[in-house]
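**Student:** Order-wise, the sequence lines are chains V and Y.
For the first sequence, our numbering gives the first residue as 2, with consecutive numbering after it.
For the second sequence, our numbering gives the first residue as 2, with consecutive numbering after it.
For the record, the hints were derived by calculation from the structure and aren't laboratory data.
Take the hints with a grain of salt, since some may be wrong.
Chain copies aren't distinguished; within one or between two, either way the pair holds.
As the list claims (entries may be wrong) - Distance condition first, Cα-Cα at most 20 angstroms in a straight line; then the derived SDA-like pairs of lysine to any residue:
#1 LYS220 <-> GLU209
#2 LYS225 <-> ALA384
#3 LYS220 <-> ASN191
#4 LYS16 <-> ALA189
It should be emphasised that the depicted structure is a prediction, and the values quoted were computed from it without experimental measurement.
2 protein chains.
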Amino acid sequence: MSIDEIVVKMARAAKIAAGKMAVCPAAEKKNILFKIAEKICKQSSYIKHENEKDLERANKMKLSNAMIDRLIISDATIKSMTDGLKEVGQLNDPVGTLSETAIRPNGLQVARMRIPLGVIGIIYESRPNVTVDAAALCLKAGNAVILRGGSEAFYSNQALSHIIGNAFIEEGLPKDAVQVVPVRDRSAVNVLLQQDEYIDLIIPRGGEGLIRFVVENSKIPVLKHYKGVCHVYIDAGADFNMAEQICFNSKVQRPGVCNAVETILIHRSVAQDFLPGLTKMFVRSGVQIRGCSEVCLIVPEAKEAIEEDWPAEFLDLIVAVKVVENMDHAMEHIKKYGSNHTESIVTSDYGRGRRFVREVDSSVVFVNASTRFSDGNQLGLGAEIGISTSKLHAFGPMGVEELTTSKFVVYGDGQIRD
Amino acid sequence: MSIDEIVVKMARAAKIAAGKMAVCPAAEKKNILFKIAEKICKQSSYIKHENEKDLERANKMKLSNAMIDRLIISDATIKSMTDGLKEVGQLNDPVGTLSETAIRPNGLQVARMRIPLGVIGIIYESRPNVTVDAAALCLKAGNAVILRGGSEAFYSNQALSHIIGNAFIEEGLPKDAVQVVPVRDRSAVNVLLQQDEYIDLIIPRGGEGLIRFVVENSKIPVLKHYKGVCHVYIDAGADFNMAEQICFNSKVQRPGVCNAVETILIHRSVAQDFLPGLTKMFVRSGVQIRGCSEVCLIVPEAKEAIEEDWPAEFLDLIVAVKVVENMDHAMEHIKKYGSNHTESIVTSDYGRGRRFVREVDSSVVFVNASTRFSDGNQLGLGAEIGISTSKLHAFGPMGVEELTTSKFVVYGDGQIRD
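Bound-form chain V, shown alone (with noise of 0.2 angstroms):
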């Protein structure tokens, strides 16, 4: 076969079984994700094995360490990906719930129930563990997937379609609603972007490349989160001790992901009293700080900012410091520059508390907490297959109910339209 008509055969076949995961019970879907776990601790040696293989190529083909060690299958990884599929397995199941009821004026009883999307289509770089966490998700949400992983992760993840496929097939379960796909060469994930008869959305994972190449070739809808350009913003009157704690954990508990801090951005009327405390606190952790000329005339250690660090997501030890006039030029700011991800206010006055909150167009709008919660788990999600930074269907963290959607159900007794 042709790598076409491989992936158009996965394709069609995902879309049967989604028909049949969609009315697959609750308690089937859990235990599908608790068996998965249990064969995937068992078989962790043979896992391991096929993934020796993936890294014996990457050391051959000489990629960067920080790729290779995102390769590895550890025994942490092991543990981690099968406490995964317990945690996701443990979550409310959403499929049937029923909301928005209503009873119209003839006696028509109107509410909305909540489906799977269908069949979904995760586009990922190497980490093999997505494989299993993207799944689970897509599973308990009662839909089919599609996983096209890096190609240097090809061994590992073809192993752990085996292992999910085998489980299925144990459990009676149409195994097709988990597919690998089976190819390497990189077009497949063109002609899969095409199938848009059989495929309902496509997530992409990985870096800002990989995203803009699937947005630009496909020919189904796309969820995407490109960059977080993460802000706090101290405002007047602000608790010095909280705002402190809140730019020093939104930046240095973890500088490397999407929801650390990049910009702060300073009221006047305290940057003078605020920032030498700030700047020790960066500076004795490492942190690089690049300040408007207003910041470096108040801390000698900071480097003038150039206009490229205000759009900039660091993803490092670099913070980028701005005093402004008030809250409307904080916020005009983060219009200019930001990236609609995660903003932070630190405040003690209620009204622009309530301003920013409503008027701030980001995904997650924080008073007073560290931008660092912006994340599925952090907000009650139970887990997440990310962050969307664009807002159709949905706007920020994506846990299991934002893989579903609804459909009106309507019961009556015989009406009949005038």
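Please build the complex by placing chain Y on the supplied structure of chain V, with the hints as guidance.
**Tutor:** Chain Y in isolation, oriented as in the chain V frame:
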């Protein structure tokens, strides 16, 4: 300016206006809708005068009577536009409402706040009242809107645009919140569909050709509604009188619309007794029946159906009728030939009613009611901008709320992440 420049400039201006509309208080949004209604009413002779130019051109170009009919702005059209504006004005404003509030173990208070989508592009065919109806819903939800109507309605749409713009200026609101593309050339649509930097959503309204064109050429997400091939399934043991009424109403009350029934499926055990009565009703109203071979044996009035009749959207006084062995066969038929739009079951069986609702993969599923209720107004949404038959973001009739999305808002007391 070139067409490209005109359209890009509009899109950029819309984005800026959207930022202002997003924070526009509910009372002001209501007020501007009433203001537009008042101005349309006062300037009806100007509107009709401009409409005359379109009609003259349409006559010269020998457009069909049906098309010319849809183009006419009569006093009744004006009244329906102004009534619609006031109705939408009176709806609850969704923007800023909080839902799914929760407290996290660390005390963070999490909620979702409903917010506008941003800039919505509406691409539609001849009827100029869509200009007003679509603008009203988009505005109510706090969005900016770019309208591109059919070239046949060029002068009418420009006149309406002019009036709406003046209302915005008088009320001190951003007039770029509603813009009508001032270019007759179709290439303007192509340019519009590339403005994913400024436009958040495209809604095409019109025939299948227009919708396919938009889907295939848009870089912006599209909410689409292809066709409505709706089914009514008459279950074993159904109340015959109720079943007759529902079949008749679903087909005859308004045959030319997407929620009219196209195929009736009848359980074999009741076909013999039920069909003659139903046929009599249909024949009396001029409905042509295209039946499967079993139907043709029972009612000689039926013409033998061909394969093309099962997936057909007749939009006419024609109905396909098929005898099925049981509900599973009915659901298989719906899966194979349906369009995920609307289906109804007539039954007195509790379990089968529940199963049909759960398992049928359509945007609206009825038990014991006419398919004609599949409509935003009838289901209580107040007004509708269209019916989505794809699942992402919205599935089924879309009202004001479907023109919004939600962001997370999180209130803390200085929480930082461990």
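**Student:** Next, verify each hint and record whether it holds.
**Tutor:** Here is what the structure says about each hint:
1. LYS220 <-> GLU209: Classified as both; 19 angstroms inside a copy, 17 angstroms across copies.
2. LYS225 <-> ALA384: within (17 angstroms within a copy, 30 angstroms between copies)
3. LYS220 <-> ASN191: Classified as both: same-chain Cα gap 10 angstroms, cross-chain 16 angstroms, threshold 20 angstroms.
4. LYS16 <-> ALA189: This pair counts as within: shortest intra-copy Cα distance 18 angstroms, inter-copy 36 angstroms.
Of the hints listed earlier, there is not a single one the structure fails to meet.
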